[in-house]
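> Letter by letter, the chains look like this.
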Amino acid sequence: MSQPVFAPWEVPEAEPLIRFESVSKTFGEFTAIDALSLDIFEREFFALLGPSGCGKTTMMRILAGFEAPTSGRILLDGQDIAPVPPNKRAVNMMFQSYALFPHLSVWDNIAFGLRREGMARDLLAARVDEMLRLTRLEKFARRKPHQISGGQKQRVALARSLAKAPKLLLLDEPLGALDKKLRQETQFELMDIQEKTGTTFVIVTHDQEEAMTVASRVAVMDEGKLIQVDTPDRIYEAPNSVYVADFIGNVNIIQCVVSPDDEDSRVRLEWGDGRTPLWAQGEFGAGRRLSLAIRPEKIQVSRRKPDGVANAVYGEIVDIAYLGNISTFHVRLRDGKMLKAQIANTRRISRRSFSWEDHVWLSWSDTAGILLER
Amino acid sequence: MRLSWFNTISLTLGFAFLYLPMVILVIYSFNESKLVTVWAGFSTKWYGELLKNEEFLDAAWVTIRVAAMSSTLATVLGTLAAYVLVRAGRFAGRTLFSGMIYAPLVMPEVITGLSLLLLFIGLDIDRGVMTIVLAHTTFSMCYVSVVVSSRLASFDTSLEEAALDLGASPFTAFFLVTLPIIAPAVIAGWLLAFTLSLDDLVIASFTTGPSATTLPIKIFSAVRLGVSPEINALSTLMIVVVTVGVIVASLVTKRAAVARAREELAVERS
Ligand SMILES: Nc1ncnc2c1ncn2[C@@H]1O[C@H](COP(=O)(O)OP(=O)(O)O)[C@@H](O)[C@H]1O
Ligand SMILES: [Mg+2]
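Residue numbers (this note's numbering), protein chains in the order written: chain A, 1 to 374; chain B, 375 to 644.
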């Protein structure tokens, strides 16, 4: 029997763990969260992604109980959590600054929440030791926070917030202070821990790669609004707006107009070039002004015009960004428009087939691009 | 670094100006002779005399009790005031409140003393140890509040939020997280209040009654009958106590500052 796919958001009768019902938060005149509605399900690893200042931390602080929504309701397990103070919520938060208690040892930091529950001494010790094992901190139990490294601090903060086995764990840019390698390791560790404990995680990040790596679903935010909430692959392959397409990864945006002579499920597009029309999937009325979004890795580069490809445009390579595993070609088309194409470097660099000022054909299929409203 | 002759001289003059009178006092407290201005050899007999003098011992006991009680009270009130001022954000009357807390710092002592005296008379409270304690608390709590609020201003509020998040009530969070972290500032504030109370003459004179005489009052009245070597010995002891208090207070604050700097450095490095 195959493992059923984890996708409770597709089950109509599934009860969410958290439900935002048009929640708004204003600070004076400024609207930080704007009539936001959202369901998050049990065992999800949910990522909030967005530029700095778009309201991610504010959402977390509302969930943790440090801010009250100006309007709207938040339900946790079907219960309105507005009247519940932060110290009574089955929600724990891992702070962006870790907020470890400097006067307590690692062990006592982790035990802090359990002691507040009045847990029996032997149970408490067992639970703390379990957390230490889970986060591989056994050796540092007696140290004070200032005697351990950044990565270890981050794990203490995680262990401390997990110790109480909350229904919901909030992580506010938990890996922000780590360097790239440690960050990637920790991402996998987080996913592992999430799977082992079965806790629902909501993670805030402004790093799109991180969101794509860890999350079951990603919410892309802008100015207090949710722009798109979807699985990482759908966010990447089927963004619902230019904003999302542009925010996640690299993308070429071509402004175009739908021309009258379309085929079924395919439209012909007039664009700046004026000569070669482009083809893309979709059904739009003639005269509509749209943006065609194409990921650079979906564009092929060739010296000769390829046959039987829906779209092929001619241009000159003006720049090559060599990234080791891939190279990005910046190609100037005849009308001056720049397109990016990405190619995996499967050969050694000395045998690379294109260089600066080469004239090349860029081609892509009619399913490669996605048409978005302007 | 070597000091230029100019700097050396100004430093010497400055310190001489500040400490020469005290040094003379200390030296003459070890004088054998009963005449204060005539040196007749080294002796510690005046310290012995002092220990036999009931009046001085009583006054010392009153002073220590007053200082201990008023500094403890001032520390509690000053810490709470600082906490409210730093944490409560903006509330109606905040500016007025903070201004009023700091006013005693610049208020002439005579005015503070007089107004307290009028208050005690008005309320018909018997003047004695308790009234001095209240008076000392009033003027020393603002010093405590200044010391503690400067520490609280640099305190990371997410520590308190983390405590709440982990299930601590605001009350528990204060005692288990905030207080241990700001403890050095609170202790420094207590020591400051203690030494302030120890050497206060003006306010104590206004608010005391016949039943309670503090050391400064005792010394002041004794000196009016003439300076005795005994007074010198007593004053020397007070200088020692106050000096130790101030040094400990500054060491406590300095150690805490160093520890904090080290932590911040560690955070930055990681
Ligand atoms: N307590 C506050 N008072 C006023 N403005 C605030 C407050 N907290 C957050 N904001 C504003 O709300 C916006 C969203 O902040 P935040 O949620 O921290 O963004 P981010 O997505 O970077 O975490 C920012 O513009 C910030 O200035
Ligand atoms: Mg933030």
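Just so you know, these hints were derived from the structure itself, not from any lab. Keep in mind that this is a model prediction, so the values were computed, not measured. Please note that a few of the clues may not be correct.
Stated by the list, open to error - What follows is a list of derived Cβ distance ranges for each label pair:
1) A:Pro85 <-> B:Ile499: 36 to 44 Å
2) A:Val11 <-> B:Ser524: 39 to 47 Å
3) A:Ser52 <-> B:Ile613: 25 to 33 Å
Said to hold, decoys possible - Taking lysine to any residue pairs in the SDA-like style, the calculated list, with each CA pair at most 20 Å apart, reads:
4) A:Lys88 <-> B:Ala630
5) A:Lys144 <-> B:Ala631
6) A:Lys144 <-> B:Ile555
7) A:Lys144 <-> B:Ala630
8) A:Lys88 <-> B:Glu535
9) A:Lys88 <-> B:Lys628
10) A:Lys144 <-> B:Ala434
11) A:Lys144 <-> B:Lys419
12) A:Lys144 <-> B:Val460
13) A:Lys88 <-> B:Lys419
14) A:Lys88 <-> B:Ser543
15) A:Lys88 <-> B:Phe549
16) A:Lys167 <-> B:Lys419
17) A:Lys144 <-> B:Ala466
18) A:Lys144 <-> B:Ser543
19) A:Lys180 <-> A:Ser149
20) B:Lys628 <-> A:Lys180
21) B:Lys419 <-> B:Ala434
22) A:Lys337 <-> A:Lys225
23) A:Lys144 <-> B:Asp530
Unchecked claim - Take a look, some chain B residues computed to stay more than 10 Å from chain A by CB distance:
24) Val397
25) Val551
26) Ile555
27) Ile593
Here a beta-carbon is modelled for each residue, glycine too, at the ideal position from N, C-alpha and C.
> Taking the hints in turn, state whether each one holds.
Against the structure, the hints come out as follows:
With their beta carbons about 42 Å apart, A:Pro85 and B:Ile499 fall inside the hinted range of 36 to 44 Å. Distance hint check for A:Val11 and B:Ser524: the Cβ-Cβ separation is about 56 Å, which falls outside the suggested range of 39 to 47 Å. Checked against the given bound of 25 to 33 Å, the beta carbons of A:Ser52 and B:Ile613, roughly 57 Å apart, lie outside it. Simply put, A:Lys88 and B:Ala630 have alpha-carbon atoms about 33 Å apart, too far for the 20 Å limit, and the pair is violated.
The hinted pair formed by A:Lys144 and B:Ala631 meets the criterion: a straight-line CA distance of about 17 Å does not exceed 20 Å. The suggested pairing of A:Lys144 with B:Ile555 holds, with an alpha-carbon distance near 13 Å, which does not exceed 20 Å. A threshold of 20 Å between alpha carbons decides the hint, and for A:Lys144 with B:Ala630 the separation of about 15 Å falls inside it, so the pair holds. Between A:Lys88 and B:Glu535 the alpha-carbon distance is near 13 Å, which keeps this suggested pair within the 20 Å criterion.
Restraint check: the Cα-Cα separation between A:Lys88 and B:Lys628 comes to about 38 Å, which exceeds 20 Å; the hinted pair is violated. Taken as a hint, the A:Lys144 and B:Ala434 pair is broken in the structure, with Cα atoms around 43 Å apart against an allowance of 20 Å. Between A:Lys144 and B:Lys419 the alpha-carbon distance is near 52 Å, which puts this suggested pair outside the 20 Å criterion. Restraint check for A:Lys144 and B:Val460: the C-alpha separation of about 27 Å exceeds 20 Å, so the hint is violated.
With a C-alpha separation of about 67 Å, the suggested pair A:Lys88 and B:Lys419 falls outside the 20 Å cut-off, and the hint is violated. As the CA atoms of A:Lys88 and B:Ser543 are separated by approximately 9 Å, the hinted pair is consistent with the 20 Å bound. Annotation: proposed proximity of A:Lys88 to B:Phe549 holds, straight-line Cα distance about 18 Å (limit 20 Å). At most 20 Å may separate the alpha-carbon atoms for a hinted pair to count; A:Lys167 and B:Lys419 exceed this at roughly 75 Å.
For the proposed pair A:Lys144 and B:Ala466, the alpha carbon gap of about 40 Å is over 20 Å, so the pair is violated. Straight-line distance between C-alpha atoms of A:Lys144 and B:Ser543 comes to about 24 Å, which puts the hinted pair past the 20 Å bound. Restraint check for A:Lys180 and A:Ser149: satisfied, since their Cα atoms lie roughly 15 Å apart, inside the 20 Å limit. Distance restraint check for B:Lys628 and A:Lys180: the Cα-Cα separation of roughly 37 Å exceeds the 20 Å cut-off, and the hinted pair is therefore not satisfied.
Restraint check for B:Lys419 and B:Ala434: the C-alpha separation of about 19 Å stays at or below 20 Å, so the hint holds. Pair hint A:Lys337 plus A:Lys225 does not hold up; C-alpha atoms about 32 Å apart against a cutoff of 20 Å. For the suggested pair A:Lys144 and B:Asp530, the alpha carbons sit about 17 Å apart, so the restraint of at most 20 Å is met. At roughly 42 Å from the closest C-beta of chain A, the C-beta of B:Val397 stays outside 10 Å, upholding its exclusion from the interface.
Here B:Val551 does not stay apart from chain A, with its beta-carbon only about 6 Å from theirs, under the 10 Å limit. Once the 10 Å rule is applied to beta carbons, B:Ile555 is inconsistent with being away from chain A; the minimum gap is 6 Å. No beta-carbon of chain A comes within 10 Å of the beta-carbon of B:Ile593; the shortest separation is about 42 Å.
Hint compliance for this structure: hints 2, 3, 4, 9, 10, 11, 12, 13, 16, 17, 18, 20, 22, 25 and 26 are not met, and every other hint is.
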